[in-house]
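Novice: Kindly generate the complete structure, drawing on both the sequences and the hints.
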Amino acid sequence: MAKVVKRPKLSLFERLYLPALWNGFKVTLRHFLSWKKSGVYEDKNKDNKFKATLNYPEELWTVPEGFRGAPYLVSDQDGATKCVSCQLCEFVCPPKAIRIIPPGEDGEEAHREGSEKMPKKFEIDMLRCIFCGYCEEVCPEEAIYLAKDYYAGYDENLMRRDYALTGQSRDEMIYDKEKLLEHGGVHNDRIKKWEKKQKDADAQETFPVEISPKSQ
Amino acid sequence: MEWINNLTPGQQFALFSLVKICVAVFAVVLPMVAYSVVAERRISAWIQDRVGPNRVGIPFTNIKLWGLGQPVADGVKFILKEDFTPAHVRKVYFWLAPAVAMVPALLTLAVIPFGSKLGSQQAVIANLNVGILYTFGIVSLGVYGIVLAGYASNSKYPFLGGIRSSAQMISYEIAMGMSVVPVFMLVGDLNLGKVISYQADGFTSWLIFKQPLAFVIFLIAAFAETNRLPFDLPESETELVGGYHTEYSSMKFALFFLGEYAAMIAVSAMMVVLFLGGWTLPFAGLNEPATSIWIGLLQVGIFIGKLLLFMGLFIWVRWMLPRFRYDQLMDLGWKRFVPLALANIVVTAVVLYFLNAK
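Order-wise, the sequence lines are chains A and B.
For the first sequence, this note's numbering begins at 401 and goes up steadily by one.
For the second sequence, this note's numbering begins at 27 and goes up steadily by one.
Don't read these hints as lab results, they were simulated from the structure.
Heads up, the beta-carbon is just placed ideally off N, CA and C, and yes, glycines get one too.
Among the hints, a few may not be true.
[As the list claims (entries may be wrong)] Incomplete in silico selection of chain B near chain A, CB under 8 Å:
no., residue
1, Trp72
2, Ile73
3, Gln74
4, Asp75
5, Met346
[Said to hold, decoys possible] With a Cα cut of at most 25 Å, we get these calculated SDA-like pairs of lysine to any residue:
no., chain 1, residue 1, chain 2, residue 2
6, B, Lys236, A, Tyr417
7, A, Lys426, B, Arg344
8, B, Lys361, A, Pro419
9, A, Lys520, A, His587
10, A, Lys426, B, Val343
11, B, Lys236, A, Leu421
12, A, Lys520, A, Cys486
13, B, Lys236, B, Val364
14, B, Lys90, A, Phe432
15, A, Lys426, B, Leu339
16, A, Lys409, B, Tyr352
17, A, Lys577, A, Val484
18, B, Lys361, A, Leu416
19, A, Lys426, B, Met346
20, B, Lys361, A, Ala420
21, A, Lys577, A, Leu565
22, A, Lys426, B, Val63
23, A, Lys426, B, Val77
24, A, Lys426, B, Val242
Specialist: Structure representation (structure tokens):
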């Protein structure tokens, strides 16, 4: 059904266009003079005079909780690579951005005792990565994380900005193992699975196992 | 400086005219054009709660200067961009049009008295006795640039823009021309220097207060003549994709762009001379021709200050009003301003008749 739009009947004064002109001057002048600070970035950007504009390189974005940044490898508190090159992330990666080469027969020994493998090569092509987070989800060793920027000790002036990956060539955007580890930083390994594993292995060395009388 | 005195008067005139042209056009007006673009961008940003270009400073340093290096960057960009000539254009006119658009705006400045005296020289490039006629003659040439661009581009949007601009500029030129007739009836002379000395006595003799209606009509017609919002129908990005300069790129586009701002400066200067007392201020002896070069420079500064007021108004209004519809524009021009200007002439004539009859 056609809708009839009622045109307001304008008085002669209004039809002179002058009230509209005057209001236009008022509105634009008010906005021109309003140097109100942004409520959005108030705590982070105290120098930001303008409403919602973030003067980006000088003022940084507050990364929200749950932000999925670039995937990086992390080391544990002993400085050892957590990754055991199981290649699950490589397998699950939808855009095939991850490439892992396991150590092979005569590969390098793992950094920590009791752990069998570590990747010989670990590359993430940041140009392919879609930041989906499957690698983080699938990793059994909690060795790969999508950077969130707000873990303890994160210094916004020193650390990289994971929402702005930049480079000057395609080769530069393929991050190798060293770079990924360096960017990933240290995550505390609370479970310390490998220590226990060593203990278990030691225990198995003392054979025969003592069998408690109850189970007989 | 002995050699200057040894020149014949004709040679001296040529020399000083050349110096005035070089200084006024290349050292004052063109930088003003460039910086009015920056002003436009910053002011529009502030009105719209944005920041605007505030990055470019001195090249190869970290000094930012609130973005005042922007014109340099823009200029370099315009020069380095590909100067593309589409295959379907009429080449001669296509190349001619940007120059025709830019030149009249600068030519108008020839008769504007931008100061009283600098040393022994009058601060005007050409002290014509028919200054205002010259100005209107040159301003009406400005339409050719746009019409040529619209015609030469040989495509539909520039064509529509060109048609619109020819109709708009011719219509408003009539209202504009008639609006200043009362001014010259009061002054009794077409020389722009005489117009200024008529207004030198005090604020009450400024023609903006003596002829407010003429000023309003002239101001609005000036908006239409320079294709500024709310009358930017020849350009109208939203309907005509940029109108007459749709097919232009690189420096040829920049000439249109700068021509618009140069035209703004030209009409602002015209308004300052005709209605705001030119280089005079009615106190501290600033309404007398300068005796020293410093007073002369100060008066040039006063002139530029008044001019910048109008430039600010031009920019401000652009971000305030929506574009007029084409019939509204024609209606306003022909049915409102032309009769109003005519009535203003008649009323002024009658009043002058009775005042002089006493």
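Novice: Against the earlier hints, flag every one the structure doesn't satisfy and list their numbers going up.
Specialist: No hint contradicted; all consistent.
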